[in-house]
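In order, the protein sequence lines correspond to chains G and V.
For the first sequence, the numbering used here assigns the number 1 to the initial residue and increments by one for each residue that follows.
For the second sequence, the numbering used here assigns the number 1 to the initial residue and increments by one for each residue that follows.
If you're looking for bench data, these hints aren't it; they were derived computationally from the structure.
Fair warning: there could be bad hints in the mix.
To be verified - Below, a sample of chain V positions facing chain G; criterion: calculated Cβ distance under 7 Å: (1) Tyr-18; (2) Gly-42; (3) Thr-52; (4) Gly-53; (5) Asp-86; (6) Leu-107; (7) Phe-109.
Claimed, not checked - Cross-link-like lysine-lysine pairs, in silico, DSS-like; alpha carbons within 30 Å at most: (8) G/Lys-95 to G/Lys-70; (9) V/Lys-78 to V/Lys-17; (10) G/Lys-26 to G/Lys-95; (11) G/Lys-70 to G/Lys-56; (12) V/Lys-17 to G/Lys-70; (13) V/Lys-11 to G/Lys-95.
To be verified - Some but not every residue of chain V turned toward chain G, in silico, with C-beta under 8 Å: (14) Pro-8; (15) Asp-102; (16) Ala-111.
Please read all numbers here as calculations on a predicted model, not as lab measurements.
For each residue, glycine too, the CB sits at the ideal point set by N, CA and C.
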Amino acid sequence: SQQGEEDPQALSIQEGENATMNCSYKTSINNLQWYRQNSGRGLVHLILIRSNEREKHSGRLRVTLDTSKKSSSLLITASRAADTASYFCATFLGKLTFGQGTILTVHP
Amino acid sequence: GAGVSQTPSNKVTEKGKYVELRCDPISGHTALYWYRQSLGQGPEFLIYFQGTGAADDSGLPNDRFFAVRPEGSVSTLKIQRTERGDSAVYLCASSLSGGMGDRANVLTFGAGSRLTVL
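Start from the sequences, fold in the hints, and give me the full structure.
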């Protein structure tokens with residue numbers, strides 16, 4: 001079963017704009033992670049935020065976590081065409097459970 | 001190995017046949033996961049091994065699905081009497097451990113095995 005929902009399901013922006021994706025989940029977590037997937041095969045880990053953290057940065061990525069609302073957001077700043085991919089949030093509590101994902105398209 | 005290796009990359013079979021999908025995790029990774037992903041969906045958890053034992057098999061859809069990891073490294077996902085609904089990409093991932101610690105919980109995925117049941 002899937003953990004929760006991601007919003008929006010699809011996002012289309014121009015290069016240089018910021019992209020924000022949201023994730024909601026249902027259960028308690030140890031941490032929340034974001035993964036990226038190109039071409040429907042293999043996922044790549046982007047960033048992990050612990051349940052006691054509220055914000056984390058990695059390069060052009062910024063992740064926030066609100067455990068009271070059971071929600072997280074991923075911000076990609078100054079997007080590039082190469083950022084075009086599907087992005088998934090995943091919650092960890094003994095095992096990693098994924099959301100449905102957001103398809104991001106960045107137009108050159 | 002340097003990454004998670006999955007074979008075959010593509011498998012086409014007929015309804016009712018038996019299929020085995022293999023996963024070779026990163027050397028030293030004690031935790032190994034299997035997921036299934038249908039088109040347009042997120043990865044769906046199937047089973048997770050810690051060493052040789054299945055720590056959580058709650059995602060296996062029915063008794064036609066079975067997975068083993070006899071020596072704590074390579075794992076095989078076995079599907080009996082395949083059905084058209086089993087068609088999907090089967091993803092394997094490994095991590096240092098299924099326990100505590102940030103890096104221990106980060107999964108490295110293979111490229112997947114695309115199964116098509118005709």
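Minimum beta-carbon distance criterion (7 Å), V/Tyr-18 to chain G
violated (24 Å)
Interface hint for V/Leu-107, Cβ within 7 Å of any Cβ on chain G:
holds (6 Å)
Straight-line alpha-carbon gap V/Lys-78 to V/Lys-17, limit 30 Å
holds (11 Å)
When the nearest CB of chain G is found for V/Asp-86, is that gap smaller than 7 Å?
violated (17 Å)
CA of G/Lys-26 to CA of G/Lys-95, is that 30 Å or under?
holds (14 Å)
Does the structure keep G/Lys-95 and G/Lys-70 at a Cα separation of 30 Å or less?
holds (17 Å)
So, V/Gly-53 near chain G? Judge it on the closest CB pair being under 7 Å.
violated (14 Å)
Straight-line alpha-carbon gap V/Lys-17 to G/Lys-70, limit 30 Å:
violated (43 Å)
For the hint on V/Gly-42, just tell me whether its beta-carbon gets within less than 7 Å of chain G.
holds (4 Å)
Run the distance test for V/Lys-11 versus G/Lys-95: straight-line Cα separation, threshold 30 Å.
holds (27 Å)
Minimum beta-carbon distance criterion (8 Å), V/Ala-111 to chain G
holds (4 Å)
Can you verify the interface hint for V/Thr-52: is its Cβ closer than 7 Å to any Cβ in chain G?
violated (17 Å)
When held up to the earlier numbered hints, the structure conflicts with 1, 3, 4, 5, 12 and 14 and fits the remainder.
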